[in-house]
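There are 6 protein chains.
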Amino acid sequence: MYLADEAWPDLESYFETESLALVPLGSTEQHGPHLPEGTDHLIAEALAREAADRTGYLCTPTINVGVSSHHRQFHGTMWANAPAFRDYVESITRNLTYHGIDRVIYVNAHGGNVQHLREVGRRLRDSGDAYAIEWMWDESIPDLVDDLFEQNGPHGGPKETAMIQHIAGELVHDDRLADARDGGLSAFDEFTGRKHGARTFYDAIDNSANGVFGDQTDATAEKGQQLFEAASDQLVRLSEWLADQPFESLVAKRHV
Amino acid sequence: MYLADEAWPDLESYFETESLALVPLGSTEQHGPHLPEGTDHLIAEALAREAADRTGYLCTPTINVGVSSHHRQFHGTMWANAPAFRDYVESITRNLTYHGIDRVIYVNAHGGNVQHLREVGRRLRDSGDAYAIEWMWDESIPDLVDDLFEQNGPHGGPKETAMIQHIAGELVHDDRLADARDGGLSAFDEFTGRKHGARTFYDAIDNSANGVFGDQTDATAEKGQQLFEAASDQLVRLSEWLADQPFESLVAKRHV
Amino acid sequence: MYLADEAWPDLESYFETESLALVPLGSTEQHGPHLPEGTDHLIAEALAREAADRTGYLCTPTINVGVSSHHRQFHGTMWANAPAFRDYVESITRNLTYHGIDRVIYVNAHGGNVQHLREVGRRLRDSGDAYAIEWMWDESIPDLVDDLFEQNGPHGGPKETAMIQHIAGELVHDDRLADARDGGLSAFDEFTGRKHGARTFYDAIDNSANGVFGDQTDATAEKGQQLFEAASDQLVRLSEWLADQPFESLVAKRHV
Amino acid sequence: MYLADEAWPDLESYFETESLALVPLGSTEQHGPHLPEGTDHLIAEALAREAADRTGYLCTPTINVGVSSHHRQFHGTMWANAPAFRDYVESITRNLTYHGIDRVIYVNAHGGNVQHLREVGRRLRDSGDAYAIEWMWDESIPDLVDDLFEQNGPHGGPKETAMIQHIAGELVHDDRLADARDGGLSAFDEFTGRKHGARTFYDAIDNSANGVFGDQTDATAEKGQQLFEAASDQLVRLSEWLADQPFESLVAKRHV
Amino acid sequence: MYLADEAWPDLESYFETESLALVPLGSTEQHGPHLPEGTDHLIAEALAREAADRTGYLCTPTINVGVSSHHRQFHGTMWANAPAFRDYVESITRNLTYHGIDRVIYVNAHGGNVQHLREVGRRLRDSGDAYAIEWMWDESIPDLVDDLFEQNGPHGGPKETAMIQHIAGELVHDDRLADARDGGLSAFDEFTGRKHGARTFYDAIDNSANGVFGDQTDATAEKGQQLFEAASDQLVRLSEWLADQPFESLVAKRHV
Amino acid sequence: MYLADEAWPDLESYFETESLALVPLGSTEQHGPHLPEGTDHLIAEALAREAADRTGYLCTPTINVGVSSHHRQFHGTMWANAPAFRDYVESITRNLTYHGIDRVIYVNAHGGNVQHLREVGRRLRDSGDAYAIEWMWDESIPDLVDDLFEQNGPHGGPKETAMIQHIAGELVHDDRLADARDGGLSAFDEFTGRKHGARTFYDAIDNSANGVFGDQTDATAEKGQQLFEAASDQLVRLSEWLADQPFESLVAKRHV
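Going line by line, the protein sequences match chains E, C, Y, W, X and V.
The working numbering applies: residue 851 is where the first sequence begins, and numbers increase by one.
The working numbering applies: residue 851 is where the second sequence begins, and numbers increase by one.
The working numbering applies: residue 851 is where the third sequence begins, and numbers increase by one.
The working numbering applies: residue 851 is where the fourth sequence begins, and numbers increase by one.
The working numbering applies: residue 851 is where the fifth sequence begins, and numbers increase by one.
The working numbering applies: residue 851 is where the sixth sequence begins, and numbers increase by one.
Do not take every clue at face value.
Copies of the same chain look alike in the list, so a pair counts if it fits in one copy or across any two.
To be verified - No more than 20 Å apart at the CA atoms, straight line, and that leaves these computed lysine to aspartate or glutamate pairs for DMTMM-like:
hint: 1; residue 1: K1103; residue 2: D976
hint: 2; residue 1: K1045; residue 2: D1056
hint: 3; residue 1: K1045; residue 2: D1094
Honestly, the hints are just simulated from the structure, not real lab data.
None of these values were measured; they are calculated from a predicted model.
Given the sequences, and given the hints that come with them, work out the whole structure.
Next up, the structure:
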């Protein structure tokens, strides 16, 4: 059920019987020369609405701009500063509880939002108002993501490319995939850019000239569909699991 | 040009030659028994993208949740508290200046956002960073809005009904128009709900049992199209006017 | 009853029997070449104390500096930034509830304060602590204000001129009234300074070279007295109405 | 020169030639059974206006409500929380610099404001925007204050009583002076209420049942006049001294 | 009992039976040419741990950096801005109440922290969460401090010198004591640097070229030991007194 | 060089020639039944001071309390809320730049601080004031940490146990190592406690009854020494690398 499409009387029975909401969040930021800046919010919204369609749980409109200052050197990247983002998301979530929502899944497709959504979730749980958790699609299907591509990467790489090829293929510049790989950093791992254990970089451009990490030349819409279906399955199951929990089991445990 | 659809290299020439952005903002809130909760953000986004398409100016993704606590008694209304909303919008706008944007039109379709967008615009202008103005579609075509309908109203009334009939007709419950009128406050003016000059009400429900103001029974998709085209024209002209101004003429005047 | 004149034991019976306070707020800002910068706080204080005298309700000292950055280009205009003003007023109001006050009238004479007082009032009502409303004198007697003068105006115009001629005539430069009109913008309406529906101006100086709006050449102390008495009457009635309401009827309504 | 009484064109020459402002601040809080709650702001305003009259320096309107939560147990005490008070005063002061003010004397008559005004002054000096200092009238004439009365006290005592007898004698309940003394704590010194070096009290009521400290039975209007004149003299001299300093000598010194 | 040395199960019985914590706070700032920058936090920690050892009350780790911007012109002075310091201390203290702590002694050795700790203490008391008081060692033994030295001083003077000679003698440059005195301001009293009653200085360097106040040439480790023992005694007694109070007697009194 | 031990004149030459500071940060929180609550700040301080001793770079005092609310169910855990912690650390770091510091290593031993230190570092870098990076000791020697122990764990496990056995052996309850393992969660990996990709837990107690993760029965002081030396080596090299960089290479890169 998509909240924004409904008239208010048609939401009454939902709030009487359910207390879960899916809130999609992404970013609007550079994703290399081949992908649209909306990549993350397109993915988050598509997955959240798919899961809502399949389960009947409530999906809210998408928060399209997140914490992306680390991509700001590339034209068009939009971002909110972290404190403003956190307070905006917290405020929206807390106000949802006015209607009886007490559990939220942040359907997220932007790594830069993760820690901030976790912090907001903690505030809401510590105050006892709601239980909100962050879910990032590729974290839910790590094996499939690993299996499908030769050389993955955390940003603008093959997994995101395949997803957009599937969701909004017309927005992918398929003729730039090799350029995307060659102009970026195809082989990125946890320790790239570290010195003696410290992460010394802050911005994507510190490691990649065109903002791309990974090799997207083996991305296809078919693989995107596989990812989409597998991730949707996970989100459906997570929603069902979460809806089934008694609220008491979700709030913070008591002092020993 | 829609920012979220573009890959970053394709935005470079825009930022080299232009410094204007259209930022659509709406709300997700009750709009009576006949209209979807997304009414305001649907209208804002449609108008902003239309004007961007016709002019080539840049349109950003939409901020879908605004300041709507005055509608919170109705199922599904979402809102951010005013300080959080202002800081989020300010942060996003200020960060756009990093790419060279120095003038912004907030394409707004929610009355509850107006004062907050004006406040953000003042902050940006007072600090000399950008000139941002709020534009609300119905304020740009007051005569047409007056002429088309018997009994207008500020919220959920015929003007919004007609617009959604035109933009997303499938989301309008045409069979509930009379109910919407009868269950709400059809005749609302500036002084309704005032006592001896003071506005004594805070929430929509203080004046209208179903959240509706106005009589939407004479709304049609055709009238919606008229409104849409007329308002788009105004937004196009405003964009062109604003793009033409020297920045010096937009910043705050000097002390006498 | 004027709070600042009383010793604390003499306030005890008031707080035992009443829960209403009148809080005057104005501004200290340019009001053209003919009026003192204190115009707004002088008016607010005079009206609040008159109503308190006539009814016995409690009047607090005046908050003399408000949100006036839009007049800052003229010598002497003082202002607090909007967030600081809101927090100061909210804090003072919230702390009044410690003594049992649960309803407040912000007796306001500065248009620039209106939205901020409304926002503070909403915070207090949403949290259930107090019901505070903004009252602006000229909004309470719109017909009389219209009838008395040829060409009104929102700032420094005939209505404010007449009020100060009545309240503190020695502070009016009667010999500058024609200059005030000729150097300013005498004919101002809602759409002055708008472009295609957008309010493009932010500061008074954007529309008026001397900060004046309206034609004050037909202002007199006698008309000021009429305004003062009529507005006082309204404030007295508003106070009585508000004192009579059960608190339950003032707080926010419940969810449908 | 009193800012609020002037029309803006009449302030121009002041700002061209001077850069000093006197800002009176007080409180509205219990001052025992014999004195009005406005005691502190009455004193601050009277002294600031007197010094402005004698020197020609600019005096602004008074900030009537300060940081007085330590008096809140007594009817009518008003207060702003400390962060809100600081931000409001800082904002007003910082905005005065827009007109060329670069030095400010906070003419203060409330002990509870001192540390907050010092903190605001530090912020303004550290940022290089203005030099603002707190001046409290009784600190300027300690010997006279000591000599005139048998048993002084920091709050509601003879020095404040005498001042109000002089400034606004009609507001003093002369028939309650002995009661004020007997119901309060007449002999208060630095170590009253301390335990082993720690100040264990927070509120006036912790030490005084009626909120009074000191013995006011020997206060008279004549002594009040002496105090007023002596303190005014000090403020005049301070103003003249401050106006004479080069701004460079007022800002923070450089790193060694 | 030193919290940081204990494993959590070994703290259980303490929290079951006691609700007091000692929190040492100091500064890291210049203390003249002869004393280490850690002087204040060394003293605070030594005293707090001594009192905890002698009484069994809980001592937490030390907050080593306080509000010291008034010493910033001297190499190495560290400081947090006042709002950040207050919020950090408040947050830590408030969170201690989660374990049952409801009374706290801030064992403080830096004058610049006093007002901020008082403000935090007030916040905690006004909200009813905890009773926290500031204790500064030299305020607990004023007579001894006066008796031991010819010429005291508030910063870098003989009392602090003697304390560090006792606590960490190896960090004192005994060969620089005369230089310390001669390069600073040996005779400082309340009115030094005042003009007509106003404190016109903000930084230590405004009054002392080397940051020292007082004459430390008669400081010795033996005198330091006397001070340490006497102050420890006071802190022990204060702790015992505080632990003995019923919580109801510590919270704010009710409205009259 | 340890800042707190030095008198200010002895720091002058350092600031003239160097611009690097090591700032140790840890936590005070439960570390299982066998380790002291100070474990993290003890480790951070020991490593930072060792590296400072070996290189001559400046080490500041330690920030002993961090972001640990996820351990609050266990007696004695102290924490600051995340915004207060960030602002305190940011303020201290920013103020260090007053002396010429432009690069900082946060020598950190608490996982819960990482994201907050990264956020502070980003603020400082984005504003161009300083380049600050977070370094966590075990991240610098991942292979050694893996090799030394059978079953590692992120908190209270063998690596931390061995470190404290080496640094402050008297604080380790060696007789509780098996209990620590058996009462906690010995086998913890990235996906423990996740559901369908989402991290559903917030607190340590959600996964471990005694707060321990890992098997510490093979921890020894000798292994601790190995870890300490290896990590110190890394920190020394990082310090030298960082000191060698031109500041221009550390600040944020320009827009493409």
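How the hints compare with the structure:
In the homo-oligomer, the alpha carbons of K1103 and D976 lie at most 20 Å apart inside one protomer (10 Å), although the nearest pairing across protomers, at 28 Å, exceeds that limit. In this homomeric assembly, K1045 and D1056 come within 20 Å of each other (Cα to Cα) only inside a single copy, at 13 Å, whereas the closest approach across copies is 34 Å. Proximity of K1045 and D1094 under a CA criterion of 20 Å is satisfied inter-copy only: 13 Å between copies versus 45 Å inside one chain copy.
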